[in-house]
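Going down the list, the sequences are from chains A and B. Residues in the first sequence are numbered consecutively from 0, following numbering that gives the first Met the number 0. Residues in the second sequence are numbered consecutively from 0, following numbering that gives the first Met the number 0.
Honestly, I wouldn't trust all of these hints.
You can't tell identical chains apart in this list, so a pair holds if it fits in one copy or across any two.
In silico DMTMM-like pairs for lysine to aspartate or glutamate, Cα to Cα no more than 20 Å straight-line [said to hold, decoys possible]:
#1 104 / 5
#2 37 / 115
#3 104 / 35
#4 17 / 1
Hints are computed from structural coordinates only; laboratory data are not their basis.
There are 2 protein chains.
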Amino acid sequence: MDYRLDYVSKLLEKTSKKRIETYVISRIWHKLSNSEIKLVPQQYVKRNNEKYALTDLYLPQIKLHIEINEPPHYESIERIEIDEKRREEIENKTNHTVIIIDCRKSLDDIHIDIDEIINIINVKIIELNKLGHFKPWETDNEFTPEFHLNKGYLKIQEEPCLKTIEDICKLFDVKVPKRGFYRKGGIGHPTEKDLGIWWPVEKHRIWDNQISENGVLIYEKNKDLAERKKHVEKYINTKERRATFFCQTDVLGFKFYRFKGIFELDKELSNPEFGIVWKRIDDFIKL
Amino acid sequence: MDYRLDYVSKLLEKTSKKRIETYVISRIWHKLSNSEIKLVPQQYVKRNNEKYALTDLYLPQIKLHIEINEPPHYESIERIEIDEKRREEIENKTNHTVIIIDCRKSLDDIHIDIDEIINIINVKIIELNKLGHFKPWETDNEFTPEFHLNKGYLKIQEEPCLKTIEDICKLFDVKVPKRGFYRKGGIGHPTEKDLGIWWPVEKHRIWDNQISENGVLIYEKNKDLAERKKHVEKYINTKERRATFFCQTDVLGFKFYRFKGIFELDKELSNPEFGIVWKRIDDFIKL
Numbered sequence: 000m001d002y003r004l005d006y007v008s009k010l011l012e013k014t015s016k017k018r019i020e021t022y023v024i025s026r027i028w029h030k031l032s033n034s035e036i037k038l039v040p041q042q043y044v045k046r047n048n049e050k051y052a053l054t055d056l057y058l059p060q061i062k063l064h065i066e067i068n069e070p071p072h073y074e075s076i077e078r079i080e081i082d083e084k085r086r087e088e089i090e091n092k093t094n095h096t097v098i099i100i101d102c103r104k105s106l107d108d109i110h111i112d113i114d115e116i117i118n119i120i121n122v123k124i125i126e127l128n129k130l131g132h133f134k135p136w137e138t139d140n141e142f143t144p145e146f147h148l149n150k151g152y153l154k155i156q157e158e159p160c161l162k163t164i165e166d167i168c169k170l171f172d173v174k175v176p177k178r179g180f181y182r183k184g185g186i187g188h189p190t191e192k193d194l195g196i197w198w199p200v201e202k203h204r205i206w207d208n209q210i211s212e213n214g215v216l217i218y219e220k221n222k223d224l225a226e227r228k229k230h231v232e233k234y235i236n237t238k239e240r241r242a243t244f245f246c247q248t249d250v251l252g253f254k255f256y257r258f259k260g261i262f263e264l265d266k267e268l269s270n271p272e273f274g275i276v277w278k279r280i281d282d283f284i285k286l
Numbered sequence: 000m001d002y003r004l005d006y007v008s009k010l011l012e013k014t015s016k017k018r019i020e021t022y023v024i025s026r027i028w029h030k031l032s033n034s035e036i037k038l039v040p041q042q043y044v045k046r047n048n049e050k051y052a053l054t055d056l057y058l059p060q061i062k063l064h065i066e067i068n069e070p071p072h073y074e075s076i077e078r079i080e081i082d083e084k085r086r087e088e089i090e091n092k093t094n095h096t097v098i099i100i101d102c103r104k105s106l107d108d109i110h111i112d113i114d115e116i117i118n119i120i121n122v123k124i125i126e127l128n129k130l131g132h133f134k135p136w137e138t139d140n141e142f143t144p145e146f147h148l149n150k151g152y153l154k155i156q157e158e159p160c161l162k163t164i165e166d167i168c169k170l171f172d173v174k175v176p177k178r179g180f181y182r183k184g185g186i187g188h189p190t191e192k193d194l195g196i197w198w199p200v201e202k203h204r205i206w207d208n209q210i211s212e213n214g215v216l217i218y219e220k221n222k223d224l225a226e227r228k229k230h231v232e233k234y235i236n237t238k239e240r241r242a243t244f245f246c247q248t249d250v251l252g253f254k255f256y257r258f259k260g261i262f263e264l265d266k267e268l269s270n271p272e273f274g275i276v277w278k279r280i281d282d283f284i285k286l
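Could you build the full structure based on these sequences and the hints that come with them?
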């Protein structure tokens, strides 16, 4: 199936319990009618040290969030003030724009509001295109090993992504490992000594792996304390560097291995209680 | 909430498990962007004496069915032939048009197909408008007792609809009944002797009520055989006519009381085993 069809139809399916939200998102997508523009549902945004927000819809290419507020959002002055504070915090923290759609309005008025948003989006896309800064939502190509091999490198700023371990292995022309801890979670580079190719999974049965928001640190931690201690002991003195493809599943259920850079073990931050901490030492790898 | 927003968002919610269908329906709706055009999901169509079909989407104003065929429809030659036969039967039986969207295509090609369908629909609407035959999808007004009182009559060809028993009672300026069999299922006309106002429910806890496809007969049947016999005995010699508002719930969960005409009991067709059969004797009532 066409990836965009798969993606957008999953997005509409996922939000179907909030049917007004589905309605608005589907209208924005179809009226934009530009398959180069990516829509992201439930975008995570940090508001301050304690709080975060999930915005209803995010357009990463133009840094625009759209909040689709159903009638309960306007039930009380308190609720309105909370929403307004939330909007301000998101805009201040991210420097993005937040637009709110008020779903108490009539259908015709909601349509007019959406048309205005479509205009805003199209104007921004034209501006970016003029400056040569618009990056289309590439899909089918971008996920193939061939695409990256053709370029000859991976660079974290380009957010390179693979769909499977098989595809990661193709990048380095190595055989796909079948079993065992390290062969399951990674494999040695075919020519470079002390370089591993690693694909940790964020939400794993045995491992509790996390990556810091800025992407500089990876926390690798066995969920079982005894196993965790053994694991730290085994690796604490390793000189190995790891080309890391961090595996995350997005809200729509799509699983990706994203290249996060080359990491090495940080001896100071790691300890038997909390597990191993890996620190990024390079954002680039030649293929 | 705006009725059309309520209706279309429920339609998208309802089909969300068939996500490609939802995607296509939402695109047709948003690209048409004409809230005077009604979309009906899962339209019942009789194919022959034994078989019926539910088409994915139906536009009653222009008698157009749209079938959204996902890849499994093309799995085998047999399946393709079955679909083709089904399409022919629907077109021959109804004199409607059936258009098929092949979802094996790429997203861009599906979009092109939908654009062509949008054109076909718009051309038909323009033609109907020229002839003065286009009846817009009226919603908010059409369901109010005031709308019908203003016209001064109900006529089955116009498919008059009410939303509640309260609204039916307003039409005749009678008090809403509270309890008891007959007062629950109907009430006497305030001025005409032997005329009842009746609102049988199709799917009822106690009653198994049905209306024939051509709307001429209503089968009224208590689910319990002993009660059914008692009920037939009680009414078999009645001379009463009934102005009937048959209550049905559509696939989206909207409940309506639709005026089906004036009925009287058909003594020949009714019997203690099968219940009472009511026969239409008029398609009109003055208000």
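Numbers of the earlier hints that this structure fails to satisfy, in rising order: none
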